[in-house]
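Peer 1: So the sequences go chain by chain: R and Z. So for the first sequence, the numbering used here puts the first residue at 190; every next one is plus one. So for the second sequence, the numbering used here puts the first residue at 60; every next one is plus one.
Treat the hints as calculated values from the structure; they're not laboratory data. Glycine is no exception: its CB is placed at the ideal position from the N, C-alpha and C atoms. Heads up, some of the hints might be wrong.
Covered stretches of chain R (chain Z as the covering partner; in silico rule of three or more C-beta atoms under 8 angstroms from a C-beta of chain Z) [unchecked claim]:
| id | stretch |
| --- | --- |
| 1 | 198 to 204 |
| 2 | 426 to 437 |
| 3 | 614 to 621 |
Chain residues, written in single-letter form:
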Amino acid sequence: MYQPTSNDIQVLRDRARQLGAQLARHQQGRLSDDELRPLRLQNGLYIQRHAPMLRIAIAYGMLRADQLRCLADVAQRFDRSYGHWTTRQNMQLNWIEVEDVPQALEMLAEVGLHGIQSSGNCLRNITSDAFAGIAPDELFDPRPYAELLRQWSSFHPELSFLPRKFKVAFTATSEDRALVQIHDLAFEAITAEPKASFRVRIGGGLGRTPILGPVVRESLPWDDLLCYTHAVMRVYNELGRRDNLTKARIKILVRSVGVDAFRDMVEADFKSLKQAGIDRVRIEDLDRVRAQFLDPDWRLASVSTDLVQSSNDPLFARWLRRNSKPHKIPGMAAIVVPIKGTGRPPGDITSDEMRKLADLADRFSQGFLRVTHSQDLVFPAVPSAKLAELYEALQPIGFAQPIQGLIGDMVACPGGDFCALANARSLPIADEIANRYANLDEQENLGPLELKISGCMNSCGHHHIGHIGILGVDKDGAAFYQLLLGGHSGHGDRASLGKIVGRAFSEAEIPDAVEAILDEYLESRLQGETFHQALQRLGPAVFIEAANAVRQKVSPPSMAASTLEQA
Amino acid sequence: MTTLMIDLANARLCAAKTPEQCFDASDVERPWLSTLNPDEAVGLHFGRVNDGRGYSLACRLREKYPRIELYAIGHIHEDMLYFLRRCGFRYAHLLDRTDSVIERQASDELRDLLFPFSHEYQVSAGDERFPKEKVDATRQVMGIAA
């Protein structure tokens, strides 16, 4: 992963100091609330339902053990000793005090972490395939290109006050593990290095208007990456709507002018910027960034490539089958550590657990970790001979659950328990469903299943791309839940957007509705057929009918909606 | 009402002046471009907090006319100075605020506002690194997009 230079670290210190000065100017009356808001948001500092929230960027999901320990320390010192992994590979602290944030950022700066552009109307934390650089199916490692763009976009003077947020993703595999179709701008590798090039998608996103991003350019040479991004963002900065927050994302601009007209405008600016030579990327620039990437020592891979080894433990075999992912280095394994389970809000992790996992990452994965968009961690460099030992070490701390990709590995936003935008609480629904399917055999029997829960239209829980999606809505001050079927994230199959099926369910009804749908699947499935496949074969009607059968006559009231700050 | 403005390039205060050519920074139609005199100073008026269109307009003008002298006027607060400097503005009129860098003539703080980072990751229209010669050579083919 990228190792920050002394320049990088100094910039992070500068940034923490700058925020401290901005907060002081606000206190002195030199900055109004409206003027401060984008400045603090671009450091990841929100004002939430109960308290401020700090979102810390984990650049394209890469994390070191010492960084995880620092997150643990910051969470313990300034928060309530836990953090929350988000669906964009960030960590959120939900109880930090505003005046503590500059000091927290100073601590994080020393290990190369920050909140830069993890929020606000700017180019946000860039995400990528969590298995980038270790996946056997990738064309090349996309991370140095993501880093080039991360650096270029940091405090970009022209592009820091966009109409709305702007999310970018990279992938270098044909399987979409980076959710490229739901990003404002996405780069998919199409030709190998040294003549690397990308297919470019534009205007994807979830939220109120879910759209799978169309292709805006079939092929972009790697050295035009910055220039083309600049052209896209300049067009968006100037022409994106600023009169209506809900229509301000680039997807609305692309849809209103049409992708062909949008492409023409971008190409005109691209030509101008390219001729000016402002954003030119030379091979030296790429090499400079590449030189800062430190990979695990692959020589430590086991000679034996038999992952199951000689163990006769069926639980170990199940864990390995479920949680290990293909690796480009024979004798190495990538292990997913689900941060899920009964009694644990998806993605929540305590400081103590962070430290324990950091220790295990040092012991088994040379200190390297990854954060996934499904709110889990990955140990990316585990020698296959040490897998049994890692399994034994994960068990007593509760992180050896063999649930990757199963219903227990569900995704959920913090919802109404924390977020000021939420219409409904996500976490009690997640907890109830996790409890109902706590039995690992039942989960395994259901097979691959993506359950994604959002507390509001902003879709931080990615409900549109879950096989089963749950969306919290407000009905006359009470929380209800809409059910979506037919979504898919792009893992292993084409991405698709789920559709809302019928009327919303009450908080009491929605877990029953999910259970009824899954019971129907178990009844109707063919041999070896996944839920996603069964839904495609049978259509949604039979599942909707099963869900509707659970409706009750009386629904309990719940919390009302409020809106303070956009996600 | 202050009589001073910020000289962004030199991080100092100077006597306030307002150019005769002033335009709305959020204007994307820009019919005035055809009659713009780039040899005279140009003021761009920022009307709304957090509207970023003026930054792109400034960059476009600097790319087309590398020697153009841009003034930022209107709703300009102290923490916009970094962005304005780097987008090629030469001067900025600040909002009147108690204890502002202008009122206190705080030169150290002004430098911090203008140069908050020890390293900048990208070339921009206000930078020394900005390729002026190349822009001059290609200015004929570079249009300000509609």
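Peer 1: Please go over all the hints and tell whether each is borne out by the structure.
Peer 2: Comparing the hints with the structure gives:
no.	hint	in the structure
1	198 to 204	holds (count 4)
2	426 to 437	holds (count 4)
3	614 to 621	violated (count 0)
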